[in-house]
Amino acid sequence: MSSPLDLARAATSYGLPGAAASSSLPARPLDDTTWGLTLRRVVASRCTGHLAASISDGAFAATDEQASQVLDAHETALGVDLVLERLLVVTLTSLAASDVRARALKGAALAHAAYPDPALRSYGDVDILVDAAGYDAAVEHLHDLGASAATRSRGRASSTASARASAWSWPTGTR
Amino acid sequence: MGIPARRWCRNEFVHVRRAADRVVVLADSDEPRTLRGTGAALWDVFDSPRTLSEAAVVLSGQFSSDPEAVEADIAPVVDELERVGALRVVE
Chain A
1 MSSPLDLARA ATSYGLPGAA ASSSLPARPL DDTTWGLTLR RVVASRCTGH LAASISDGAF
61 AATDEQASQV LDAHETALGV DLVLERLLVV TLTSLAASDV RARALKGAAL AHAAYPDPAL
121 RSYGDVDILV DAAGYDAAVE HLHDLGASAA TRSRGRASST ASARASAWSW PTGTR
Chain B
1001 MGIPARRWCR NEFVHVRRAA DRVVVLADSD EPRTLRGTGA ALWDVFDSPR TLSEAAVVLS
1061 GQFSSDPEAV EADIAPVVDE LERVGALRVV E
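One line per chain: the protein sequences are A and B, in this order.
Under the numbering used here, think of the first position of the first sequence as 1, with each following residue one higher.
Under the numbering used here, think of the first position of the second sequence as 1001, with each following residue one higher.
The set of hints was computed from the structure by calculation and includes no laboratory data.
Treat the hints with care, since some could be wrong.
[Said to hold, decoys possible] Which stretches of chain A does chain B cover? Using the computed rule of at least three CB atoms under 8 Å from a CB of chain B, they are:
no.	segment
1	45 to 56
2	71 to 79
[Claimed, not checked] Derived list of chain B stretches under chain A, where covered just means 3 residues or more per stretch with a C-beta under 8 Å from a C-beta of chain A:
no.	segment
3	1030 to 1041
4	1077 to 1083
Glycine included, C-beta positions come from ideal geometry on N, C-alpha and C.
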């Protein structure tokens, strides 16, 4: 019997190029304890979409109750994704209107650009890359949109070749 | 000549994800809504503009139900989806 960690790893890569063979997925439903630990790891790694797909395809054996638990967890993750996605669109639209060049990075961008279904790629925050020349204007925009700085800006401001990074949060807790 | 029936379609500015027979929608509010089962099927039907009765005919075919009963069932759901901005009336 594989450990919850191994099961979670196999499930969270399901359907991805180079993923482990589906033979590493359980052919029979897991016992409650192993299932609970596996699901917890999958939720923590925000990969409920892959587990849901593997169960839906019959590659990961699960009881009806377990399948329902995954869908419930996935539904919650998708709700967070949508809130973040809208925040990203609002932010990028606002920056573009002020001629600040910016691009979405990582999770939200990859969900639409690299996955056959964006529901497979959940994320816990959104990342944007801002042109150095527009960094200060971007900070002002984020303030105007209701965000507050969660960390101090890092990096040198004097050179356009330098990188400055900062994290921001909204009153709703989104980042 | 009578008043033309209203037609609805999905609001293209709404953020949406699908998971099996569930559709998670983020419209005007900050709270995502989930449409399940027949609700998800209703969402699919409005991928193009339809009247209530047209939507009811499609759904009644899918669920082997009486179109008039389906229309009565979906009317309040369509109203609610319009109210929250998930569906829009097509002019």
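Looking back at the hints listed earlier, which ones does the structure fail to meet? 4
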